[in-house]
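Asker: Each chain sits in its own coordinate frame; assemble them with the hints.
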Amino acid sequence: MARTVQKTETYVGSTILLVLVVIASVIFLEQFDYNSAILQRGAFQAERSIQPSSPITSSPNLIQYAPDGLNPISPAETFGPEDLSDKINGKAELYLSAGFVSLSTQRFAAKEDPEAWLEAFVYHMGSIRNSFSVYSLQRRFEAENLALSEFAYQTENALYFVHGPYYVEVISSVAREGMVALMLSFGKNYVSKTPVSHARIHELGFFPSKYLSKGSISLVPADAFGFERFDSIFTAQYNIADTELTAFLSKRQSQSEAAELAATYGSFLLAQGGTEVKSSLDIPGARLVQIMDTFELIFSQANVLAGVHGAENRKAAEELALMLREKLGEAGQ
Amino acid sequence: MLKGTVSIAAASALSYLLYDGTGPGRASEEKKLVTLPDFSLPELGGKMSLVTGADRKKSLNLALKALGGIETFISKGDRVLLKVNAAFASPPILSATTNPEVVTEVARLCFKAGAASVVVTDNPINHPESCFFLTGIEAAARSAGATLLLPNESFFHPTTIPDATLIRSWPILWDPFQGIDKVIGIAPVKDHHRSGASMVMKNWYGLLGGRRNIFHQDIHTIIKELAMLVRPTLVILDGTQTMMTNGPTGGSLTDLKQTNTMIVSTDQVAADAFGATLLGRNTAELPFIAKAEAAGVGTADYEALQPIRLNTA
Numbered sequence: 001m002a003r004t005v006q007k008t009e010t011y012v013g014s015t016i017l018l019v020l021v022v023i024a025s026v027i028f029l030e031q032f033d034y035n036s037a038i039l040q041r042g043a044f045q046a047e048r049s050i051q052p053s054s055p056i057t058s059s060p061n062l063i064q065y066a067p068d069g070l071n072p073i074s075p076a077e078t079f080g081p082e083d084l085s086d087k088i089n090g091k092a093e094l095y096l097s098a099g100f101v102s103l104s105t106q107r108f109a110a111k112e113d114p115e116a117w118l119e120a121f122v123y124h125m126g127s128i129r130n131s132f133s134v135y136s137l138q139r140r141f142e143a144e145n146l147a148l149s150e151f152a153y154q155t156e157n158a159l160y161f162v163h164g165p166y167y168v169e170v171i172s173s174v175a176r177e178g179m180v181a182l183m184l185s186f187g188k189n190y191v192s193k194t195p196v197s198h199a200r201i202h203e204l205g206f207f208p209s210k211y212l213s214k215g216s217i218s219l220v221p222a223d224a225f226g227f228e229r230f231d232s233i234f235t236a237q238y239n240i241a242d243t244e245l246t247a248f249l250s251k252r253q254s255q256s257e258a259a260e261l262a263a264t265y266g267s268f269l270l271a272q273g274g275t276e277v278k279s280s281l282d283i284p285g286a287r288l289v290q291i292m293d294t295f296e297l298i299f300s301q302a303n304v305l306a307g308v309h310g311a312e313n314r315k316a317a318e319e320l321a322l323m324l325r326e327k328l329g330e331a332g333q
Numbered sequence: 334m335l336k337g338t339v340s341i342a343a344a345s346a347l348s349y350l351l352y353d354g355t356g357p358g359r360a361s362e363e364k365k366l367v368t369l370p371d372f373s374l375p376e377l378g379g380k381m382s383l384v385t386g387a388d389r390k391k392s393l394n395l396a397l398k399a400l401g402g403i404e405t406f407i408s409k410g411d412r413v414l415l416k417v418n419a420a421f422a423s424p425p426i427l428s429a430t431t432n433p434e435v436v437t438e439v440a441r442l443c444f445k446a447g448a449a450s451v452v453v454t455d456n457p458i459n460h461p462e463s464c465f466f467l468t469g470i471e472a473a474a475r476s477a478g479a480t481l482l483l484p485n486e487s488f489f490h491p492t493t494i495p496d497a498t499l500i501r502s503w504p505i506l507w508d509p510f511q512g513i514d515k516v517i518g519i520a521p522v523k524d525h526h527r528s529g530a531s532m533v534m535k536n537w538y539g540l541l542g543g544r545r546n547i548f549h550q551d552i553h554t555i556i557k558e559l560a561m562l563v564r565p566t567l568v569i570l571d572g573t574q575t576m577m578t579n580g581p582t583g584g585s586l587t588d589l590k591q592t593n594t595m596i597v598s599t600d601q602v603a604a605d606a607f608g609a610t611l612l613g614r615n616t617a618e619l620p621f622i623a624k625a626e627a628a629g630v631g632t633a634d635y636e637a638l639q640p641i642r643l644n645t646a
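Going down the list, the sequences are from chains A and B.
Numbering follows the numbering used here, in which position 124 of the first sequence is assigned residue number 124; successive positions increment by one, without gaps.
Numbering follows the numbering used here, in which position 9 of the second sequence is assigned residue number 342; successive positions increment by one, without gaps.
Here chain B stands alone, though its shape is the one from the complex (with noise of 0.2 Å):
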């Protein structure tokens, strides 16, 4: 009777002892809320060339060098982020994702220049493996001596943008920047069934973490946020091939059109203006872009920057 007395005054108090009445407390919450800094180079202003080719490569090559070459934006000694779209695991024919010999020559000049490092990231919900695997992104990667940063869950931290409504207190992918000191957004133009068009603004939704599809009912303030959220030191629209239906996937060929352009700027809102045209869309069509426009991040009128008009030919 005494044994039993004391063994359940034992356990009650050992009990006692460990009850944690407050319970865990959210993982993002937990989290120091981070801002991410300014990566853009506000002394060179606003930048665009735009390149008509077939071959990424030349088109690409001749892009930065009519802004003055990669020396321009990449400094020897710089740490480079290289966002890509690698948000499906689909082949490269189908353009669905950032088109990976954009991938490797873009490290390979950010090398030459004297990048200390280039990391290449994104953060593809299902199977990111898989994604950057299939997508050649992997292999373009590594092929150039880039790092390729797969996300991990605690690699997200909260942030809050000032004045946004969507982006308060939510999950970024934040570890990969962190020593960052260029970034680079790298995406293919795309029809996308909810917003009309995926383009570089678009692409920093990969950037997002936590249950993110909640913010498709609002997809124009999303996209807003998001580059208010990201200022990149450059950005690079590949519309050598348009997805010019069945977006954001695609899946048939038939979904694309040779559009033979590449569009280099460090406007990404005029960049996302010129590529609408490449969809035969206008800006009154995307609203997304206009809600940017009126945010500061950049101009719809592209014409404005002068862009610099070329031929691989």
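Only chain A is shown next, with the shape it has when bound in the complex (with noise of 0.2 Å):
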């Protein structure tokens, strides 16, 4: 025998019914409202079946900085010190040694211009000292600068700078002056979103400035000179006399640390083949130490390291070491 519906099931059937439409209509009108960094409706084909080695979800969202000339093609990546050679393979170790955190990394084409695109990559260094080192030893000296940050600057077709604990390098695949002005405006999106504290590297005041050479100054973070317990060394490049001279210092924990320092490097020199000069230069415990035809000077002042590496001209070496010791002595060291 036929069982009857009664209504309150009728009711039922019919509201489920209704549920299931609205959430259908739902889920189809949202379609049209996609990401089109996650889905990658980008101006590349290649780019759309990306499947992203990092998760999207973990990743800082760098369309934030970028202006209205610009869509992005890619989603935005994070690599950690784990992956960082996964994307840019040998040159993770001058990252690494440099105390490293995270890469974040998203490719935008230009709205004008579909054929040219551009790709930021964000390191977070941990300090500005950090960024200022995988910065200063990239450096491209034929660049303009920019007052973009205190470090900054551009070629044709790239930017470059440091903000606080970030190193920001933007590169475009076509040198045009449309991009160049897209990867500009890029930056200072980024330096006025992003809020860092004014850390100073106070090391770079402690190099005179006379026969320096605009920009040179660099930090390596470790084995410097070859010297593995040679870390954390900053180095400027001077012209004395047509003389390119490297002059090199590097604040130590305390004065005794320095002195026993500047002692194992020129120990280690000896050992290396160097025979040691003497020198009358008024320097308290100066070494010169001649080696494969260059001159190294070291010395210590205060809990300072310093010095000239490699000098071609032992007058000009011994020069650079004295206008080096009196501006240590300005700065208070």
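FYI, nobody ran anything at the bench for these hints, they're computed from the structure.
Idealized CB from N, CA, C, for every residue including glycine.
Some clues are possibly wrong.
Said to hold, decoys possible - The calculated lysine to aspartate or glutamate pairs, modelled on DMTMM-like cross-linking and capped at a C-alpha distance of 25 Å, are:
(1) A:K210 <-> A:D282
(2) B:K398 <-> B:E376
(3) B:K409 <-> B:D508
(4) B:K391 <-> B:E618
(5) B:K590 <-> A:E244
(6) A:K251 <-> A:E150
(7) A:K315 <-> A:D282
(8) B:K390 <-> A:E115
(9) B:K590 <-> A:E142
(10) B:K364 <-> B:E486
(11) A:K111 <-> B:E462
(12) B:K590 <-> A:E156
(13) A:K210 <-> A:E144
(14) B:K590 <-> B:D388
(15) A:K188 <-> A:D68
(16) B:K590 <-> A:E177
(17) B:K590 <-> B:D551
(18) A:K251 <-> A:E319
(19) B:K445 <-> B:E376
(20) A:K188 <-> A:E142
(21) B:K590 <-> A:E144
Unchecked claim - Facing chain B, from chain A, some residues (calculated, C-beta under 8 Å):
(22) Q138
(23) N157
(24) Q253
Answerer: Shown next, in the form of structure tokens:
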């Protein structure tokens, strides 16, 4: 015998069907409101099927810094110390030795020029000293300095700058004025939207400015001059009497550590075949070592280790050492 | 009570039957060790041509012609593999990867010589599809009728090189070499932060699978072992533009120098030794060259090959 459907069952059934219709409608409408950065409906066909090696959800979104003229064409990605080399291969060691924390990257295409695209690389280096280190070691000297931040320059296809603990590279696939403007806008947006503490790198003021090659100061994080105990060494290029010279210094924990390190480096040079040369230089404890036709001059003052590296001209090296010592004194060292 | 006891007993029995006491083995261990064949043509001996010119296509053609033409190396019916450098998703203008124009021309010449097939491959770890697309290599390969083979996990099989210290039961990109008769390595000349230079021997690094970044700690030895691993038919070192600084990624056009040289050789050690001169470095500064020579891979004394020097002008 056929069972009679009750009104209550009809209402419940209709309500369920209605809810399903609403859900289906919402899904249908939402599919048109996609995030192009994640779905990658960009200019490049190959970008659509990319499976990111890092979870998109954990990546800081760089879209917020992109000016109006750019469209994201890839998801933001983040790399840590364990997989940085997947992204930049053999360059990873440079960053890892300088205290690398993470890298965020994303590609954008120009709206007005679909063939042109750029990629932003934001390296979190943990401190401004570390970000300055990787910036300084890759400095392009043919570049144009920018006022974007204390350390910033651009080339015809790329922008490089330090902002607090962040080292930022923006690299374009083409060298065109329009892309340079977009890269600069990206950089300005990044600086204005990313609050950082205004820490200073005091050692930059320890180098004498006379004869100093502009923009030549670098921070070598480890193994400077092939000596494994030389970490956190600042170097600067000088030109005295047509001779290229490299001055170096490093602030250590104590006066005794600076003196001990200077002595150990001197011994290292002698072990490498260097010979001690008597110097009349008026710097207490200074050592002059001749090695492979060049001179190394090493001394310490207060808690700073300092010297001149690989000088072909002894007289010029001694002149630079005196200038360096005087500047260290002025700086209260 | 009885039902509950029976249910527990049945579940326990099923669990026991399904229990795998050994657990899953490592994938690489399950695969047999493989060995890449020798793709070189010993009867040709050491050959090298050095062509000066800014036009890659012209330089390449002249360099090959100087060695007797592509037909010297590729025979009718050959299945050819081109190992390119597609390590990064970077644009061709940065010269961080193999120039697409060279890929197209080499593939075209192979087909012209009667090659049955030409495969283009590499193993960029991060987003191979993006790397091949953005470098222009995908379009270059397809335009010449070559087949692009993107790396797939199943393509990797372990290999061990006799007397090697690093490449031992290590996965390499194996499947694309199946049925291949000839192998041509094509690489740009680049500075490299770790090894000092990245040229044809370093280019084989892209055949490694696994967590290959650990080899950066002993970079010169791994390059030597890679050169022992692959015995190519021919190598092409593109020094038209050289990445002088900030390699291997570069990034700025100021990292590049127009060095206008195309190097083609049967000897990968000799090719790299000459490439070093474009970087302004000597072989002593690039220990992997001496190591590869000592391993019997080739000669660092490229002049001993009596290279044919030509100019496209």
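Asker: Okay, which hints does this one fail, numbers in order?
Answerer: 4, 17 and 24
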